[in-house]
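A.B. asks: Protein chains in written order, with the numbering used here: chain A, -1 to 112; chain B, 56 to 166.
Read the hints as simulated data drawn from the structure, not as lab findings.
There could be a bad hint or two in this list.
As the list claims (entries may be wrong) - Non-contacting residues of chain A with respect to chain B, defined by C-beta distances greater than 10 Å in every case (computed):
| # | residue |
| --- | --- |
| 1 | R16 |
| 2 | S63 |
| 3 | S84 |
Unchecked claim - Chain A stretches covered by chain B per the calculated footprint, using a threshold of three residues with CB under 8 Å from any CB of chain B:
| # | stretch |
| --- | --- |
| 4 | 65 to 71 |
| 5 | 100 to 111 |
The beta-carbon is built from N, C-alpha and C at its ideal position, and this holds for glycine as well.
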Amino acid sequence: DSGVTQTPKHLITATGQRVTLRCSPRSGDLSVYWYQQSLDQGLQFLIHYYNGEERAKGNILERFSAQQFPDLHSELNLSSLELGDSALYFCASSLAGGPTDTQYFGPGTRLTVL
Amino acid sequence: GQNIDQPTEMTATEGAIVQINCTYQTSGFNGLFWYQQHAGEAPTFLSYNVLDGLEEKGRFSSFLSRSKGYSYLLLKELQMKDSASYLCAVSPPGGGNKLTFGTGTQLKVEL
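The shape of chain A in the complex, shown without the other chains (with noise of 0.2 Å):
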C-alpha cells in the first residue's frame, strides 16, 4: 500500500458523459501527478500539480482538467467521454515536485465507456 488513496476503484459510463475521479496524496506529499493508461498506449502522462499549482502538462486533452485542493487532494474531470477514454487512471503523489523525486501511485481507477 502506497498510501495514494483514489476513488472510485471502478466507473462505467456512457459516451458522451463526464465522471470526476479523486485521488489523495500521501501524508506530507505536496505533488500529484495523473496518469492514464491504456492497453495500446502504455502509461501515458497527463499533468502534475504541486501544491495546488499547475507544474507540467502532458498530452492531456481539451475535454479533460484537473485541479488540486487546498488540502492537496486532487481531482480529474473527464468529459464529453468517447469509447477511446477507457483506461485505467492512476495518480501518483510525490514529496515536493523535482525531476528526482520518486512517485508513489495509487491503486487506479477503472473507467469503462460504453
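Got chain A sorted already, so can you dock chain B onto it with the hints?
C.D. replies: Coordinates of chain B only, in the frame set by chain A:
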C-alpha cells in the same frame, strides 16, 4: 523528447537471474526509474539511478550508463511472484517531473 525501448516479453526460470534492458534517447536527463506492475495494479517503485553505475537493493539491482543511454534491471533468485511488467521511466530536464515510461517488459517466471 524521449524515446524509450524495452523488450516486450521475457521468460525465466524460478531461482534464476534475469536482466531486463532499457535504452533511451533523450534531449536531457534527470534520472531513470524502474517500476514493477502486476496486471491491473499500481506501479510500484523499485529503483532510481542518476549517476553511472550499479545500485543494489536486495534481490534487485539497477545499472545506468548515461553515455550509452542504457540501463538494466537485474533480478536475482527469481520467484513466481516476480512475474509482472517492469517499466523503465525517464525523468526529463526542466521543471516538474513528468515521467516518460517505456511500454514495459512482461516477465514470466516458470517452474
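A.B. asks: Hints first: check each against the structure and report whether it holds.
C.D. replies: Status of each hint after checking the structure:
{"no.": "1", "hint": "R16", "in the structure": "holds, 25 Å"}
{"no.": "2", "hint": "S63", "in the structure": "holds, 17 Å"}
{"no.": "3", "hint": "S84", "in the structure": "holds, 14 Å"}
{"no.": "4", "hint": "65 to 71", "in the structure": "violated (count 0)"}
{"no.": "5", "hint": "100 to 111", "in the structure": "holds (count 8)"}
Of the hints listed earlier, the one the structure fails to meet is number 4.
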